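Asks: Keeping their order, the protein sequence lines are chains S and H.
Going by our numbering, the first sequence opens with residue 18, and the numbers climb by one from there.
Going by our numbering, the second sequence opens with residue 128, and the numbers climb by one from there.
Don't read these hints as lab results, they were simulated from the structure.
This structure is a prediction, so every number in the text was calculated from the model and none was measured.
Cβ atoms here follow ideal geometry from the backbone N, Cα and C, with glycine treated the same way.
Some clues are possibly wrong.
To be verified - Cβ-Cβ distance ranges computed for the label pairs, FRET-style: (1) H:LEU225 to S:LYS211: 57 to 67 Å; (2) S:SER252 to H:PRO286: 38 to 48 Å; (3) H:ARG388 to S:GLU162: 19 to 29 Å; (4) H:VAL191 to S:ARG158: 40 to 50 Å; (5) S:ALA242 to H:LEU225: 42 to 52 Å; (6) H:LEU221 to S:ASP159: 51 to 61 Å; (7) S:HIS225 to H:VAL233: 52 to 62 Å; (8) H:ILE209 to S:LYS86: 27 to 37 Å; (9) H:PRO286 to S:GLY58: 50 to 60 Å.
To be verified - Covered by chain S, according to a simulated footprint, are these stretches of chain H (three or more residues, beta-carbon under 8 Å): (10) 280-291; (11) 301-307; (12) 310-317.
Said to hold, decoys possible - Listing some non-contacts, in silico: residues in chain S with all C-beta distances to chain H over 12 Å: (13) HIS39; (14) VAL47; (15) PRO66; (16) SER85; (17) GLY100; (18) ASP102; (19) VAL110; (20) LYS142; (21) GLU153; (22) ARG180; (23) SER181; (24) ASP199; (25) ARG231; (26) ARG236; (27) GLN253; (28) LEU267.
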Amino acid sequence: MIMSPTETWSPAQPIVSLHGVHKSFGTFEVLKGIDIDVMKGEVVCIIGPSGSGKSTLIRTINGLTPVSKGSVKVEGIEVHDAGLDKLALRRKVGIVFQQYNLFPHRTVLQNVMMAPLLVLKENRKEVEARARALLEKVKLRDKEEAYPAELSGGQQQRVAIARSLCMRPDVMLFDEVTAALDPETVKEVLVTIKDLAGDGMTCMLVTHEMGFAREISDRVYFTDAGRIVESGPPSQIFDKPQDPRTREFLSKVL
Amino acid sequence: MIPNWKVSRVTWRAPVLAAGLCLAAALAATAQDGGAARPSALASLVIWMPFILKGFGLNLLMSVLAMGFATVMGVILGFMQISPVALIRVPARLVTHLFRNSPWLVILFAIMLLVPFQMTLPGVGRVMIPDWVKATFGFALPVMANISEILRGAVLSIPSGQWESAESLAFTRGQTLRHVILPQCIRRMLPPWMNWYALLTLMTPMAAILGVDEALGNTQAAMEAAGARPEFLIPFYLFLMTIFFVFIYPLSVYTRRLEKRFAVAS
Ligand SMILES: Nc1ncnc2c1ncn2[C@@H]1O[C@H](COP(=O)(O)OP(=O)(O)OP(=O)(O)O)[C@@H](O)[C@H]1O
Ligand SMILES: [Mg+2]
Chain S
18 MIMSPTETWS PAQPIVSLHG VHKSFGTFEV LKGIDIDVMK GEVVCIIGPS GSGKSTLIRT
78 INGLTPVSKG SVKVEGIEVH DAGLDKLALR RKVGIVFQQY NLFPHRTVLQ NVMMAPLLVL
138 KENRKEVEAR ARALLEKVKL RDKEEAYPAE LSGGQQQRVA IARSLCMRPD VMLFDEVTAA
198 LDPETVKEVL VTIKDLAGDG MTCMLVTHEM GFAREISDRV YFTDAGRIVE SGPPSQIFDK
258 PQDPRTREFL SKVL
Chain H
128 MIPNWKVSRV TWRAPVLAAG LCLAAALAAT AQDGGAARPS ALASLVIWMP FILKGFGLNL
188 LMSVLAMGFA TVMGVILGFM QISPVALIRV PARLVTHLFR NSPWLVILFA IMLLVPFQMT
248 LPGVGRVMIP DWVKATFGFA LPVMANISEI LRGAVLSIPS GQWESAESLA FTRGQTLRHV
308 ILPQCIRRML PPWMNWYALL TLMTPMAAIL GVDEALGNTQ AAMEAAGARP EFLIPFYLFL
368 MTIFFVFIYP LSVYTRRLEK RFAVAS
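Generate the whole structure from the sequences, applying the supplied hints.
Replies: Here you go:
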């Protein structure tokens with residue numbers, strides 16, 4: 018298996034790094050040269066109008082969407098190498114989607130335990146203990162025997178987060194994870210993500226929750242039409258946006 | 128989420144209806160009875176019942192074997208149909224559509240005439256292939272093709288998010304199919320699968336045309352042997368229909384229930 022050796026990467030270097038990333042669907046260019054560097058433990062938010070390519074961008078990082086040009090590296094591993102060890106990559110990168118995508122035929126606990134058992138072939142006792150601890154963390158210990166259909170959207174989303182975390186990733190990606198939720202359950206999911214960021218997890222979030230983005234991010238990226246228009250600390254992006262497109266977008270959503 | 132099925136209440140209506148049909152058969156037989164010297168049509172029927180039931184046993188055997196074969200082959204074909212490899216996908220599509228869109232009787236005749244009545248197997252020597260085995264194979268092919276289609280449809284009906292989240296959790300394609308997709312498909316496939324089983328069972332008397340001694344063939348042989356009187360027709364055929372009815376009706380009630388449950392669940 019051809020793989021860039023991990024030894025070349027040190028925590029002083031960006032854990033996720035995108036350079037000149039282009040992506041086209043047919044003749045339609047969705048990403049037109051994206052550069053992002055994320056350091057270990059950083060929390061990064063990507064905001065921007067609908068259709069600007071945020072989901073596409075985030076999905077290139079765990080190799081769900083192959084890029085047309087450019088480089089995406091996670092811990093120094095080139096994600097879009099033909100000979101990439103996908104298992105190695107996906108152990109490092111967890112992703113949570115807008116539509117929780119839990120496995121409906123398995124209980125909450127089984128959902129969380131499935132990947133470590135099947136993929137990592139870990140010891141059942143250890144995985145179970147870890148899964149229970151994670152469910153405790155997302156405050157769903159009492160729901161471990163429930164099936165996804167018996168949970169609210171917010172609860173399902175927290176299970177999805179626990180399921181991803183059970184693979185012990187180094188980076189977590191969140192793609193509009195609160196967009197499908199009722200306003201009152203949005204908060205419980207955001208609190209979960211905030212705790213996670215507080216624990217030092219590297220997080221990349223696509224979100225429409227501007228207040229949350231401002232509160233949690235180390236850095237905010239504003240994207241429009243496949244390009245990063247502006248990036249900086251939240252205070253700069255939200256209080257002193259430089260680009261007229263950022264200003265226009267923020268005036269609409271704030 | 129898989130609920131506990133309650134079967135107990137499903138079946139009471141079937142025996143009642145069956146008893147009604149039997150009574151009707153008896154009445155019809157008595158009503159048609161002319162001469163006093165000859166045994167009544169009903170009495171003849173009673174004498175020949177074990178013979179007809181024995182034939183029905185073969186119908187059941189053929190239906191179960193054919194369904195088993197059709198299920199295994201249909202699931203394999205169905206998975207082949209969704210393979211990303213064209214070399215696997217295209218032949219599977221071809222076979223599926225060929226057998227799905229041919230008349231059953233034509234397939235049956237073709238199998239009967241194309242498969243030799245004996246084969247020489249290496250190491251075993253000459254093996255006779257009885258007609259009922261060939262007929263079973265003939266019934267299995269169209270059902271196999273339909274199960275292949277049902278599986279393909281069921282897999283496609285699983286939201287793409289299931290594939291994506293499994294892939295993101297580093298599942299291989301095989302693991303995703305086996306642990307995520309297939310279990311969800313089974314729920315969706317069960318009602319149509321049971322429907323096809325019922326249909327298949329109802330088709331098995333076609334084997335009589337080809338000389339297999341199943342229920343229909345035996346019924347006709349019994350009427351012949353009992354004197355071939357026209358008043359036999361109604362009671363004998365009613366009895367035959369009743370046997371199938373008693374077997375199939377609870378199945379179809381149960382299938383309808385499953386369908387309703389799945390409709391509610393999803
Ligand atoms: N698989 C695909 N095939 C073709 N076009 C696609 C595909 N995926 C995304 N697109 C297109 O790429 C563009 C960007 O999509 P993307 O989902 O990345 O936007 P987004 O910024 O996440 O939008 P939203 O805020 O609505 O989620 C859209 O115009 C979309 O139609
Ligand atoms: Mg999106």
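Asks: Could you run down the list of hints and mark each one as holding or not?
Replies: Okay, the hints, checked on the actual structure:
1. H:LEU225 to S:LYS211: 57 to 67 Å: holds (59 Å)
2. S:SER252 to H:PRO286: 38 to 48 Å: Check passed, 40 Å falls within 38 to 48 Å.
3. H:ARG388 to S:GLU162: 19 to 29 Å: Once the Cβ atoms are compared, 21 Å apart, the range 19 to 29 Å for GLU162 of chain S and ARG388 of chain H holds.
4. H:VAL191 to S:ARG158: 40 to 50 Å: Hint holds: Cβ distance 47 Å, inside 40 to 50 Å.
5. S:ALA242 to H:LEU225: 42 to 52 Å: The hinted range 42 to 52 Å holds for ALA242 of chain S and LEU225 of chain H, with Cβ atoms some 49 Å apart.
6. H:LEU221 to S:ASP159: 51 to 61 Å: holds (53 Å)
7. S:HIS225 to H:VAL233: 52 to 62 Å: holds (60 Å)
8. H:ILE209 to S:LYS86: 27 to 37 Å: holds (31 Å)
9. H:PRO286 to S:GLY58: 50 to 60 Å: violated (34 Å)
10. 280-291: holds (count 4)
11. 301-307: holds (count 3)
12. 310-317: holds (count 3)
13. HIS39: holds (22 Å)
14. VAL47: VAL47 of chain S is indeed farther than 12 Å from all Cβ atoms of chain H, at 17 Å.
15. PRO66: Given that every Cβ of chain H is farther than 12 Å from that of PRO66 of chain S, nearest at about 23 Å, it holds.
16. SER85: Per Cβ check, SER85 of chain S is outside 12 Å of chain H; nearest 20 Å; holds.
17. GLY100: Its Cβ never comes within 12 Å of chain H, the nearest being 16 Å, so this holds.
18. ASP102: Since the minimum Cβ distance to chain H is about 10 Å, ASP102 of chain S lies within 12 Å and the statement is violated.
19. VAL110: Violated, because the least Cβ-Cβ distance between VAL110 of chain S and chain H comes to about 8 Å, which does not exceed 12 Å.
20. LYS142: holds (20 Å)
21. GLU153: GLU153 of chain S is indeed farther than 12 Å from all Cβ atoms of chain H, at 21 Å.
22. ARG180: It is violated; ARG180 of chain S is separated from chain H by about 7 Å at its closest Cβ, not greater than 12 Å.
23. SER181: Contrary to the label, SER181 of chain S does not stay out of reach of chain H, its closest Cβ about 7 Å off (not over 12 Å).
24. ASP199: At about 20 Å from chain H, ASP199 of chain S clears the 12 Å cut-off, so the statement holds.
25. ARG231: holds (28 Å)
26. ARG236: Given a closest Cβ separation of 24 Å, the condition holds.
27. GLN253: Holds, since 32 Å exceeds 12 Å.
28. LEU267: holds (30 Å)
This entry does not satisfy hints 9, 18, 19, 22, 23, going by the numbered hints stated previously.
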